[in-house]
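J.: Chains as they are written, first to last, in my numbering: chain A, 1 to 294; chain B, 295 to 603; chain C, 604 to 1019; chain D, 1020 to 1269.
All the given hints hold, so there is nothing to weed out.
Reference listing, derived: stretches of chain D covered by chain B, where coverage requires no fewer than 3 residues with Cβ under 8 Å from a Cβ of chain B:
(1) 1088 to 1097
(2) 1101 to 1114
(3) 1119 to 1128
(4) 1133 to 1140
Derived from the structure by calculation, the hints contain no laboratory data.
C-beta atoms are modelled at their ideal positions from N, C-alpha and C, and glycine is treated no differently.
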Amino acid sequence: MLAQLSNSNFLVIQTLNSLSLGGLLFLLAAGFSLIFGLMRIANLTHGSLFMLGAYIGVSLLEAGVPNLWLAALAGGVATAVLGGLFERLVLRSLAGNSQGQVLVTLGVSFIVADLCLMLWGGDPLPIQTPESVRSPLRVAGFTFPAYRLVVVALAIVVAIGLYVLIERTRLGAMIRAGVDDMPMARAVGIPVSRLFTIVFCLGAGLAGAGGIIGGPILSAYPGLDADMLPLALIVVILGGVGSLAGAFIGSFLIGFVYTFGSALVPDLAYVILFLPMILVIAFRPTGLFGRMGA
Amino acid sequence: MSRTAWLAGGLLALFALPLVAGEFYLNLASQMLIAALFASSLNLLVGYAGLTSLGHASFLGAAAYLSAWLSLHLGLAHWASAPIALAGTVLTAAVFGWIALRATGLGFLMLTLALSQVLWGLAYRWVGVTDGDNGLRGLTRPEPLGVAIESADRFYWFALLVCLLAIGLIALFVRSPFGAALRGTRDQPRRMGALGFDVWLIRWLTFVIAGFWAGVAGLLFIWYHKYVHPSALSLQASAEVLLAVIAGGSGTLAGPVVGAVMVVFLKNFVSAYVERWNMLLGFVFLAIVLFLPEGLVPGMRRLIRRVKS
Amino acid sequence: MGIGRRQFIQATGVAGTSAALGFSAMSRAQSGPIRIGLMTVKTGPLASGGIDMERGLIMYLKARDYTLAGRKVELFVGDSGGVPATARTKLQELVEKNRIHLMIGPLDAGSALAVDDYIRSASLPTLSVAAAEDMTQRKPNPWFVRGTSTSSQCAHPMADYCAKTLKWKRMAVIADDIAYGHEMVAGFQRVFEDNGGRIVQKFLSPLAVPDYGSYIAQLKTNIDGIFLGFAGSNGFRYLRQFNEYGLRGKVQVVGGMTALDEAVLRNMGDEAIGILTACWYSAELANPPNRTFAADFRKEFKYDPGFYAAATHLEASVLETALQTVGGRIEDKAAFMKALRSVKAFTVRGPVSFDTYGNVVGDVFIRQVERKDGRLVNTVQYTYPAVSQFWTYAPQAFLANPVYSRDWPPARYLES
Amino acid sequence: MTSSTTPALAIEHLRRSFGGLPATDDISISVAAGERRLIIGPNGAGKTTLFNQITGDIRSDSGMISLFGEDVTRLRPDQRAHRGIARTYQIITLFGRDTLEHNIVLALLGLSRARWSMVRGLAPRSDFRDRARDVLAQVGLRELAERTVAEVSYGDRRRLEIAMALAQAPRLLLLDEPLAGLSREERATVQQVIASIPRAVTLVMIEHDMDIALELADSVTLLHYGRVIVQGSRAEVVADPRTQEVYLGH
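Work out the full structure: start from the sequences and follow the hints.
T.: Encoded structure:
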């Protein structure tokens, strides 16, 4: 264990691994966190949207979409539309009924999982890494997958974009107002209903695009949804619900804990993510950066 | 009067089932009973305490594993292993409740999920005790009062008796002063504190009691299956029982029973005829939420009342 | 190959007479179709293999017009979703409601172990696909026959090949952290180290790992190769990430019987080319039954049959052989089981016979991924004939050891 | 048995701040047994926070609270309730799906050992039911006992708030804006209810309706920005120029 830690190659590569996993998690968790913060809905379909995105990406690329980035954009739009429909047609009628929300979001995740199995079969499907970043990067004696660095960069760009959106635009101001105090936001005439749909679309789109961007690393396979959902939940709980900064830092934190944890204490591989979470919530129920009660 | 008559008729039909149903249907019915008790135990938390737990399989699994381990490794007889397993389960619930009740709402849900995942990980990894993903097998069913319950009909009767007793006691519990206090903590926790109720203690005791009944369901589970695998502790198992409670109607006595029967039926019976049964299950949940958002039992009651008036 | 057919005829003759002598009274029970239950997985993460299991079996039955040994056959399919407790209920349904005479399956070890005692109490002849070692070793089930392989049955020859043919000395192993993975890498390690090699790194990753980066980054590059003991989609994802890290060409890769199955290969690219795996089957096998089967399968489903499709097809031919021996009288369980366990058949994997524990003795192939007609295939490089689950060890001595596991045999040469 | 010199409620240097902003800042108040104290102050003066600190719903950063000479600063709300504190809420906090009677029964149950009973049914227990009806009669809600809270008027709910607190037979009763949102007629009724509370009960009340409130009170405390500005007898406080400045005269 100590020998590993003193090995600079190990440290550098695992750090980069942590960052890239964190980047992927951020794409997934940012939307989850916003949705929860604004609508108080624990959207358990979020993992399904990620998986659906990955599968849609596979099909788009097969159908001749020229590159991964376009596919991610198109796939993101597709899942955003689906998410918006789901919010409008189903979730809308369940405001305040948190048990109903659990039931329906889990129910829809069953449907999506089975639908993907039906449409795309049970085999794992690859998403090719874009040609330009396919060969590994060799810097100062370290070899590292170039694509993962792109993922980290992309996550940071998305984070900045979201930050600007939330902190610097009128829409963002309305979202913040809604997260902080919903009755007040309603009272001052913010179109809360439209805001819900927009935020849900945004979250679903990010998750779907995340699935495609994660594709070259993770592939699309049955069970991807169930693998990712707990990670999103942990990130959001740890970082604090409704907080973009929390989701950002939480994602990278989990990236580090997961990557280093499973390398250094493989015996705890199954619980490596849950133990820190138990500690954090037990002593700080609002999460590390949360303002509101979880 | 008619209510009593209905109840008596229903009970009679339940006890008479083995006279008409074949072995397969009896075994299915036994599983429904186990699931019904399990869901009823979770309902104490979800329905009456307003605490949505996504880790209730912990207690069913803990009881099953403990009982299996005690008989396989220590060679204990059922009369000894069952109470010890229950005691161990209650202890687990006491500790888990103590941790999980530091939060409410989504935090509580996540803590129960996390704690149950730790237990699941333990079942997977502590191979010396749990035999990992091979599971524990080679178990027997007990012989309560010297009566063998190896056959499908005997086991059904046994499970029926246990479940009726357990659900009866749960009904008493819910209608007791403590049950009223519990519902109070669900609706107005602050007011309950001002009225002199120790809200935390009430919730914690309920958590432990819910764990106890899940443990009883766990004993029935292990006696029925004579096998336990880490999947009994999985997130999927916890989610399934939660869905049963909510779909049937949380906070009612009949709701979780109906929900559990429905889930077992869809999963084990309809799946033989419908290839896409996972999708069907999803659509059933969707339909319930859209048309009977408070759950099957309260929703149907509302509809019947509307038709009558 | 001719030997296989001769053995087959002999076996039919011998078992046929014993049945005729001993159990004539039972013949009256022979009415109606033979009811076969297939326990598989058609939903959830294991569905890919489970669906192939159904396809392989149906292909066999269709080719014979649903008639085996002169009797009609009815097929009932149960979907366990890969959950052991569900498998048990499904099997009860198949037995108690559909009154099946025999089960083929289940797919996964967990489900097989979950139904173990039920198989015993229901006296249900079972042709297993699941690889759990002890079901035919230390805790043999008298109703259990396995025509495929135990977890380590193909890993033993792979290790032998690495040590003797490739002359490798230092290797790493990685597998899913489940009993199947443990058993496979344990078997590999034992044979590799008994032949002078050393396992210097051993990784067991949880079944649900989205990102293998952490494991790949730890891999030493001063080793001769790594053995992949994955099942399902994990080998596929590991290998893709492995290449991402530029390790292709630096570290040689070999795999167990499910690591680079045909089901996985059909979605892979050049990154898989050259990799060696050991399995009891390849769609490329040129024996007559497989030439027909693989061609028909490819024609109908547009992809090559792999491990799971071949598994049920193979079990079906074992079943047919046994049925012919007892003249179709599957109701006479004792005679049928006896026939089943003494089957010598020539199947899609070549000749098979069974040891006294009900496990197959058959050829294991070292296969290499190659591109052929535009698709990736597992070309047979070398054949280990008539491989037993005990490899070359004496059964008694083998069974005196604990079952293969995460901790046994201990890895003595690990380097941190 | 408390001596006549021991105050019913003694608060010393109580503080609580939220995110750096003090909601209550060095508050010291002493209320004698049997006294009726009115607490006034503009919105945001810290009145409700003070109540929550007295009942234990909010922990205090520093300072001490004692009840009839007993230090209760570290006790939980339910423990304080058992020592004789009862309260009402400015925002109505009732069990909306239950009957008025059941609301009162819960209040009775809170201080009874029977609350731990897990077997004997609650519904058939006539002891609780009869007492609940008596309490409802006290506030004029006897006729509505079987109705659910959702079915009765806002004014009735205000009275039920008080009835629940009365059911606890408190030694110290905290009323948080008991007249808020009521019509003129309803106010008169609630005023009567409050006036009829036995003198043995010490009363602390937050209220904005000065006409009625001053009529009910013996003494007044004026809070502003979390601090005590003036306190004393009704006449003293009303006459104090600081009161005029802060509250009455804007």
